[in-house]
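Engineer: Quick note, the sequences are listed as chains A and B, same order.
Per the working numbering, the first sequence starts with residue 3, numbered consecutively.
Per the working numbering, the second sequence starts with residue 269, numbered consecutively.
Any given hint might turn out to be false.
What the hints assert, rightly or not - Listed next, with one range per pair, are the computed distances between beta-carbon atoms:
{"id": "1", "chain 1": "B", "residue 1": "Gly-662", "chain 2": "A", "residue 2": "Asp-314", "range": "45 to 55 Å"}
{"id": "2", "chain 1": "B", "residue 1": "Gly-545", "chain 2": "A", "residue 2": "Ala-132", "range": "57 to 67 Å"}
{"id": "3", "chain 1": "A", "residue 1": "Arg-114", "chain 2": "B", "residue 2": "Arg-548", "range": "32 to 42 Å"}
{"id": "4", "chain 1": "B", "residue 1": "Trp-797", "chain 2": "A", "residue 2": "Glu-4", "range": "20 to 30 Å"}
{"id": "5", "chain 1": "A", "residue 1": "Asp-481", "chain 2": "B", "residue 2": "Glu-697", "range": "38 to 48 Å"}
{"id": "6", "chain 1": "A", "residue 1": "Lys-321", "chain 2": "B", "residue 2": "Asn-707", "range": "46 to 56 Å"}
No wet-lab data here; the hints were simulated from the structure.
All figures in this text were calculated on a predicted structure; none of them were measured in a lab.
Where a beta carbon is used, it is the ideal one built from N, C-alpha and C, also for glycine.
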Amino acid sequence: MERSEFDVVIIGGGHNALTCAAYLGKAGVDVCILEGRHEWGGAVYTAEHTAPGFCHNIHSNFMEFLHIMPFFEDFDLPSLGARTIFPEAQAGMPFADGRPPVIIYRNDMIERTCKNFAVYSQHDADTWRALKTQANNLEPLFAMGLYTPPALIDFNGPLPNPHEGTMMMMKMFGLDPELAFKSIRDCIDELFETDEIRAMFYRVAVEFCGPPIEWPGTGGLFLFSCLIMPGCWRMMVGGSHRLNGAMVTACLKNGVTMREASRVKKVILEGGKAVGVETVDGHKYMARQAVVSGIGLKDTFLDLVGETHLSDYAQRRIKNYKDGPDQVLGSVAMALHEAPHYKSAAHDPDVDKAWYQIVGYDCAKDVLDYNRAGHIDRIPDLPAAGVWINSIWDKTQAPDGKHNLTGWYFFPRASALNEAQWDDVKATYNARFLSLYEKFAPNMTPSNVIADYLHTPLDQERGMRMREGDFGHGAMSIDQLVGMRPYAGAGRYSTEIPGLYLCGSCTHPGGGVTAAPGYNAFKILCEDFGYPEVWRSNTRPY
Amino acid sequence: MGMFENGFDAIVIGAGHNGMSLAAYLAKSGWSVAVLERRTEEGGGLNTEEVTEPNFLHNLHSNYHSLVGLSPVYDDLELLDNGVDYVLPDVQMGSIFADGTALTIHTDMRKTYDSFARFSKKDADTWMRLWDEVGGYMDLMVRTLMFAPPIKLNDLTRALASWGVEERSEFLTARLRSISVADFLDKHFENDRIKAMLAFHAAICAYQPHIKGLAVTLPVLLGKIANWHLCKGGSHRLAHALMRVIVKAGGRVFPQVPVEEIVVENGQAVGVRTPDGFIRAHKLVASSVDVNQTFEKLLKREHVADSTAAAVAEVQYQDATLFNVHLAMNGLPRYKAASFDPDIERAWILNIGFESLADFKDEFDRIRTGQLPASPRLNVAVNSLYDPTDAPEGKATGLIRVFAPFGLADGGPEAWRGAAKDFGRRCVERWASVCTNMNDDLIRMWVAETPYDISQKIINYRFGDWMVGRIHPKSLLEHRPTDELAQYRTPIKGLYMCGASQHPHGYITFAPGYNCLGIIADDYGMDKWWQHI
């Protein structure tokens with residue numbers, strides 16, 4: 003007989019919800035977590051989309067926060083099966099004419115990156131050395147920002163300046179505070195002089211699904227996307243889904259009740275308070291203390307709660323929450339006989355073993371045009387992508403001697419095209435990419451491809467319930483970050499509905515496999531319900 | 269790599285349902301246990317994937333669970349309290365015939381009777397006598413034939429004689445051991461279509477109707493004809509539940525950790541070698557992967573006696589495997605035959621194309637030549653009829669299965685890559701031919717899964733054999749997988765066999781794992797807290 007009453011019921015089984023569940027379990031709270039899909043982990047997902055034995059991480063692949071993620075440390079996830087590989091050459095950009103590639107190495111290999119940049123420009127190499135060194139120094143501060151609930155914004159008091167923190171960060175990097183008001187592109191252009199290196203940064207700057215890089219006021223995101231992130235990227239052995247496997251194991255070890263294929267259809271309210279949920283098959287899971295939602299903002303409030311139960315203010319803010327930056331992911335997957343061998347490897351063989359291989363651009367303007375296409379609802383004319391071939395490091399991800407390529411195109415949001423148009427993209431775009439690819443790596447011919455697959459933003463929206471295919475569950479622009487994510491009134495994980503909390507990517511710090519929204523939501527639950535603060539640690543202040 | 273350094277009491281190779289159930293029992297008995305799986309997901313054949321479109325759940329392999337309520341493992345491991353939800357479709361299966369008539373098998377046997385009686389009153393009466401009789405000894409049969417180590421066929425027939433079963437039974441005789449399913453049906457039934465329906469049921473359980481001797485276990489099969497359960501939310505949920513039981517009991521499941529070698533020291537299995545290094549097994553290693561992989565790949569040749577190796581090399585696999593088509597549809601299919609029997613539209617599993625016993629002979633004879641038919645005979649399942657959550661609201665998934673050769677006459681197994689699309693289209697067209705609404709508006713997308721694909725994905729399914737060893741009197745009971753290995757022990761101390769290579773066979777019975785557990789319990793003096801049946 004299915005149990006039907008718990009202290010806490012969590013909606014959604016993505017990695018943030020699992021994080022919140024595991025900590026609650028560890029704190030001795032009787033918690034039940036419900037996932038609508040047949041699999042756990044949400045976008046921490048691996049599937050054999052092309053051919054048997056070829057593992058493809060269609061959604062999350064970069065694991066850039068594991069070294070600072072409290073969940074990873076506190077539950078010893080490596081001992082539960084989440085093992086990582088840390089490739090030396092993190093990102094590489096080869097060129098069609100075979101000129102030297104641009105390569106960014108790991109955080110602990112700054113000089114190797116400098117040596118690579120110096121082929122084009124000593125100035126750019128020196129800039130990188132100074133900025134990356136400082137980025138490494140500031141990492142604990144950055145981690146603290148991620149894993150601490152933001153302060154409540156009180157519009158009745160002194161009004162906050164959202165750029166205040168960014169200006170301070172600019173100063174810490176030794177940069178002019180004015181850069182906080184500039185665009186990401188402005189920052190790149192001001193600091194790096196080489197076209198090839200700018201091209202690399204223009205592309206790297208969009209990987210976290212942020213705002214258009216030419217928008218003023220995004221300068222702070224330059225620090226994050228170009229200086230802090232590249233160099234931290236870790237690969238999950240066996241595919242991203244293994245991280246989820248370890249998280250599920252951590253939940254089970256801590257007594258969490260887990261039910262997949264249990265899609266919630268409504269949040270049950272009593273006297274205005276959230277007291278439980280009902281699933282599509284009619285089962286009720288009642289919550290003595292809290293209902294915590296790890297799914298999207300609109301899904302939670304408009305679909306499960308119902309707008310009639312919301313204040314005018316909340317309705318306005320939720321309806322106007324922006325799902326979808328102007329460019330989102332299309333994921334390419336290919337089963338390969340051979341890994342790509344680039345012309346540019348003649349100058350530096352490391353480009354063949356760069357984890358993230360950015361292929362198809364010949365100059366910085368190519369990247370800008372590509373990025374701009376999404377903003378005007380167009381599929382980029384130039385079929386370029388960033389790809390990973392994880393099997394170079396992890397043989398378990400492809401059959402013997404074969405290789406698994408998975409990569410990201412940036413496409414316009416799901417609603418920009420109709421279903422037939424997306425079907426057409428699905429049927430043709432990989433072939434166009436491949437014919438461009440061959441110019442960069444001559445062995446990337448059609449005969450090298452055993453099978454291929456393209457996952458469109460529409461697929462993302464339908465499969466993962468990420469509106470518009472936005473893998474951040476809401477634009478990560480300055481208006482929807484920190485205490486204003488998803489909006490000021492819900493910026494600290496609790497909501498205006500008593501007993502209803504948020505723990506998903508629509509809360510600070512947003513999308514990406516940080517496990518921070520789930521972790522921070524747990525902290526708030528501890529405050530509100532007096533649960534043991536098992537997140538506290540001797541090794542970190544947050 | 270902290271996760272493996274202390275080793276485990278038991279290491280189970282392969283996270284299929286048999287390996288996981290054995291691991292769960294051992295973990296619940298207080299042993300430290302690790303299940304190591306080479307694939308990215310646990311579950312083996314309990315494999316559900318969105319191969320057509322997001323939110324369309326397709327069971328790639330295991331789809332029918334007919335031992336629910338009969339296998340003790342569900343209760344022992346409290347699987348139904350761990351998030352497994354079964355539906356028992358009230359119209360279990362049916363046949364659609366070329367002349368527009370149809371037969372249906374219901375959980376309510378009176379309705380089955382009515383359906384049969386439209387074809388032959390005499391056969392309908394015979395069926396009810398058979399059903400009632402089998403009901404009387406079903407439990408005993410399941411207990412002795414499945415959830416116990418294999419007994420010798422001779423002992424079985426001797427027991428039947430000494431119990432005087434033949435005098436009391438109309439259908440059970442010692443002679444069953446020498447006749448085929450088709451012989452049995454010919455003897456007792458007169459109508460071709462009723463015989464085809466019952467033979468279809470046997471065939472999709474891998475009992476080829478014309479193999480001599482298989483009639484001996486036909487009564488057990490027939491007793492389950494109305495017990496076909498659908499796992500809501502996809503068969504993979506059962507794998508999730510098994511993992512939950514294992515982890516809650518302190519065990520671990522590690523996907524993507526392929527075992528490369530079973531390490532033997534002084535005739536004793538002491539652990540396994542993986543890409544992560546050596547992992548020690550303090551008590552035992554249990555292999556749930558097939559006998560050929562275990563003895564020919566994972567064990568070094570020097571540890572395998574010549575006689576053992578020779579017998580393993582002779583293990584036979586089914587000569588008929590499956591070709592699958594997975595469909596995403598905008599609604600449920602409607603059938604022309606509904607005007608004859610409206611219940612056909614609610615039948616979970618359908619036979620489309622087998623109209624007589626001769627059709628089965630024709631089908632399996634042709635398969636042995638490696639040829640594909642112009643108009644395939646199908647078995648079809650629409651899970652969304654009974655589990656609407658397996659597709660987006662108002663939509664449906666579909667599964668077509670066709671018995672097929674592993675290797676094509678022209679080009680062998682890999683030739684399927686070139687043949688898949690055309691043959692898949694013929695299968696869809698064949699299904700459409702009995703429908704009123706199956707057109708491009710109904711079908712959103714379909715994906716073919718060939719026998720070669722199956723063998724590549726689940727390498728345990730050698731030659732695409734989802735039973736992991738042929739269903740044949742010479743490969744069952746005391747002969748499965750070899751005479752020497754039939755009792756779950758191996759000549760290597762501390763190495764046990766617990767997968768579908770073993771008695772009784774593949775399928776979601778859990779019996780190989782459960783029976784292996786009993787042997788291990790004897791060998792290690794364990795307290796048997798579970799049900800003894």
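Engineer: Go ahead and decide if the range 32 to 42 Å is satisfied by the Cβ distance of A:Arg-114 to B:Arg-548.
Structural biologist: Holds, at about 39 Å.
Engineer: If you check the beta carbons of B:Gly-545 and A:Ala-132, does the distance land in 57 to 67 Å?
Structural biologist: violated (41 Å)
Engineer: Looking only at beta-carbon atoms, does the pair B:Trp-797, A:Glu-4 fall within the given range of 20 to 30 Å?
Structural biologist: Hint holds: Cβ distance 24 Å, inside 20 to 30 Å.
Engineer: Take the C-beta atom of A:Lys-321 and the C-beta atom of B:Asn-707, compute their distance, and say whether it sits inside 46 to 56 Å.
Structural biologist: Given a distance of about 39 Å, which is not inside 46 to 56 Å, the answer is violated.
Engineer: Looking only at beta-carbon atoms, does the pair A:Asp-481, B:Glu-697 fall within the given range of 38 to 48 Å?
Structural biologist: Violated, since A:Asp-481 and B:Glu-697 (Cβ atoms, about 54 Å apart) do not stay within the stated range.
Engineer: How does the Cβ-Cβ distance of B:Gly-662 and A:Asp-314 compare with 45 to 55 Å: does it lie in that range?
Structural biologist: Since B:Gly-662 and A:Asp-314 have Cβ atoms about 34 Å apart, the given range 45 to 55 Å is violated.
Checked against the numbered hints above, the structure violates hints 1, 2, 5 and 6; every other hint is satisfied.
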